[in-house]
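Line by line, the protein sequences give chains A and B.
Taken in order, the first sequence gives residues 4 to 314; the numbers are from my numbering.
Taken in order, the second sequence gives residues 150 to 513; the numbers are from my numbering.
One should not assume that every hint holds.
[Claimed, not checked] From the structure, some residues in chain A lie toward chain B, with a derived Cβ separation under 10 Å:
1. Glu80
2. Tyr111
3. Gly153
4. Asp197
[Unchecked claim] List of simulated lysine-lysine pairs, BS3-like, C-alpha gap at most 25 Å:
5. B:Lys260 to A:Lys97
6. A:Lys97 to B:Lys301
7. A:Lys142 to B:Lys260
8. A:Lys142 to B:Lys181
9. B:Lys427 to A:Lys129
10. B:Lys464 to A:Lys142
11. A:Lys142 to B:Lys301
12. B:Lys350 to A:Lys13
13. B:Lys353 to A:Lys97
14. A:Lys97 to B:Lys350
15. A:Lys129 to B:Lys350
16. B:Lys181 to A:Lys61
[As the list claims (entries may be wrong)] To be clear about the criterion: a stretch of chain A counts as covered by chain B if any three or more of its residues have a C-beta under 8 Å from a C-beta of chain B, and this derived list gives those stretches:
17. 54 to 60
18. 88 to 98
19. 115 to 126
Quick caveat, the hints were computed from the structure, so don't treat them as lab data.
The model shown is predicted, which means the values in this text are computed figures rather than measured ones.
Glycine residues also receive a C-beta, built at the ideal position from the N, C-alpha and C atoms.
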Amino acid sequence: MNQQVVVQCKQLRKTYEGGVEAVRGLDLTIYAGQCYGLLGPNGAGKTTTIEILEGLLKATSGEVEILGMNWRRNSDELREALGVSLQETRLAEKLSVRETLELFGGFYREARPVDEVLEVLGLTEKADAWVGKLSGGQKQRLAIATALVGNPRVLFLDEPTTGLDPQSRRQVWEIVRRFQAEGGTVLLTTHYMDEAERLCDYISIVDHGKVIAAGTPAELISGVGGHHCLEFALDADVPVPVETWRQLPGVGGVMSEDGHISLTVEEPHRTIPALLNLVDEHGWRLNQLTTRQSSLEDVFVNLTGRHLRES
Amino acid sequence: MNVEEMNAITARRIVRHNRWTGYRVLLAARLKEMFREPEVVFWVFAFPILLALGLGIAFRDRPPEAVRVVIVQQPGSERVAELLATAPGSQQLHVVQQPPAQANQNFRLGKFDVEVLPQGEGVEYIYDPARPESVLARSLTDSALQTAAGAKPAVANTSRINSEPGSRYIDFLIPGLLGMNLMGSGMWGIGFALVEMRQRKLLKRYIATPMRRGDFLLALATSRLILMIAELVLVLGFGVVAFHIRVTGSWAAILFVSCLGALSFAALGLLTASRAQKIETVSGIMNVVMMPMWIFSGIFFSYERFPAAVIPLIKLLPLTALNDMLRAIILEGSSLASQAAPLAVLCAWGGLSFFLAVRSFRWT
């Protein structure tokens, strides 16, 4: 991969009036051609971070450099080079899809032809429909289209698939992949772990305004202590200490929650027989036993003790 | 990056835009949005016409009504009736003969304005001095009777009728309606549109693009001027066609003053909408701002009716200045130069509002 740095931010901080610290010392480095994900629960500071990068908010302190430029000196050039889709912009309802793209394209010195953008985003059939008549997925594709029509080098997408049905989400992913394949760089925020896992080359997990872990999805998952997750529930007369499970062969991590035990393991075929033997020896009853691939959700739970959705 | 990807980038087609493309697309979008809003079309175009039509009909100049005279049937009543029938101007009198009881009863109920009671050679009038039409009826009947009996006026006199366009209520009303319309559509048109865009996070989305903020304001102002021309032609044109209003001043002066009014109220709308986050908030503020002008600025009746002490204050309101200028130019044919004071008032409101609005404006 080309190692040119596109976005660099160091020790980014944002404290709102009233003292809320939304971002507390956040670093990130995005390389050309990457699809970079900020994954974290609601309120983690993802939107504040991306809006600082988009030049919509001023950081309290810290440095931001995009394409070798910064917002103090090169704001006009930066706006020409970036494509932005905000969380929850409701575009004018009584303009057609085509008129909306002509409007946004008109703001840029160099824009992509509207028909081409319509084609790429699968909106050609809806070109003359009013925005108010579009479905949620179509509206979201149009929002991304208004970012792409300016022929950006970097795309910032804030929660691009929140509230969309699975099919519309996949369509959005396809658009992002295509932009990336054409050489574009993408930063997106999401609180969907599957989205981050499938779409992003590199992920920073953000919680309480800080990056708590960063890496490729595979690196993050192997950091949990195993690629598989072994989950079971037990009927036992006495509580079983967590240490019992840790001593089983190949166990990288243990989580216990309401009688449900979850082990991260590297090789299930070694751990499972040992587990079954142990249960048998003590005369316990196993209520449930499943294995699955570890996910970023496990990474988050492991790091914070909370689930992504509940915080 | 592989060769295929490089090709994809270089093959991408590009449209180049000039300095004014942003302004042009903003204006086009604004105009389309405006005319696709049924409420705008109604309030801006249909409402003032309906109002002018309704008020114009209610206050139209009627031909003078005949006064209603009852002659009490008794000896001599036939002679009085004949005299009245032959008197010049007898078409103004509607004369009936009735028996005494019935005549008294009907006069009391207001069906007649005056009751004539023959008294030998002369007559006695029964009338009510508290009812103007009764006083008029007594006087007209007596004068008709005297003239018919051969009396000569002691002072020679002639009369000429003057009810030409210019002094009627509709003449007063139409410039006022035009002023009211320019105020309303300037404030609602700009204020609502802005707050709605802010509420939708559309303003925030715009400033994430290279859009020039000055172009955005310029496009808003231009859209107001275009709508203003339509309003002017419609309201004044309606007055001319339907009510034969005579426009005595120059159209250039009318256009100039209307532009100034439209822009000043657009600036006031910009100010009221400069920070509001919700439509409800801005509509409250606008009603507070416009209410005094609806009452005091002489839309439907002259502000001269208010106590003399407050009139100088009323003249400081922007709508008063606009209405005064429109009336002076349209009805009296005044020149722009003679309107220095109201021109200054209107410019001051517009300029100050614009300055404050731009300073405090929030895009997010």
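Each hint tested on the structure:
1. Glu80: 9 Å, holds
2. Tyr111: Constraint on tyrosine 111 (chain A) satisfied, holds at 6 Å.
3. Gly153: 7 Å, holds
4. Asp197: Nearest chain B Cβ about 26 Å off; hint violated.
5. B:Lys260 to A:Lys97: 60 Å, violated
6. A:Lys97 to B:Lys301: Roughly 77 Å between the alpha carbons, so the hint for lysine 97 (chain A) and lysine 301 (chain B) is violated.
7. A:Lys142 to B:Lys260: Violated, because 71 Å separates the two Cα atoms, which is more than 25 Å.
8. A:Lys142 to B:Lys181: Status holds; Cα separation ~20 Å.
9. B:Lys427 to A:Lys129: 31 Å, violated
10. B:Lys464 to A:Lys142: Answer violated: lysine 464 (chain B) to lysine 142 (chain A) is near 50 Å, above 25 Å.
11. A:Lys142 to B:Lys301: 90 Å, violated
12. B:Lys350 to A:Lys13: The hint is violated at about 28 Å.
13. B:Lys353 to A:Lys97: 19 Å, holds
14. A:Lys97 to B:Lys350: With Cα atoms ~16 Å apart, lysine 97 (chain A) and lysine 350 (chain B) stay inside 25 Å; holds.
15. A:Lys129 to B:Lys350: With Cα atoms ~23 Å apart, lysine 129 (chain A) and lysine 350 (chain B) stay inside 25 Å; holds.
16. B:Lys181 to A:Lys61: Judged against 25 Å, a Cα distance of about 34 Å means the pair is violated.
17. 54 to 60: Holds: 3 residues of the segment 54 to 60 of chain A have a Cβ under 8 Å from chain B.
18. 88 to 98: Coverage by chain B holds for the segment 88 to 98 of chain A (8 residues, Cβ < 8 Å).
19. 115 to 126: This one holds; 3 residues, not fewer than the three required, reach chain B with a Cβ under 8 Å.
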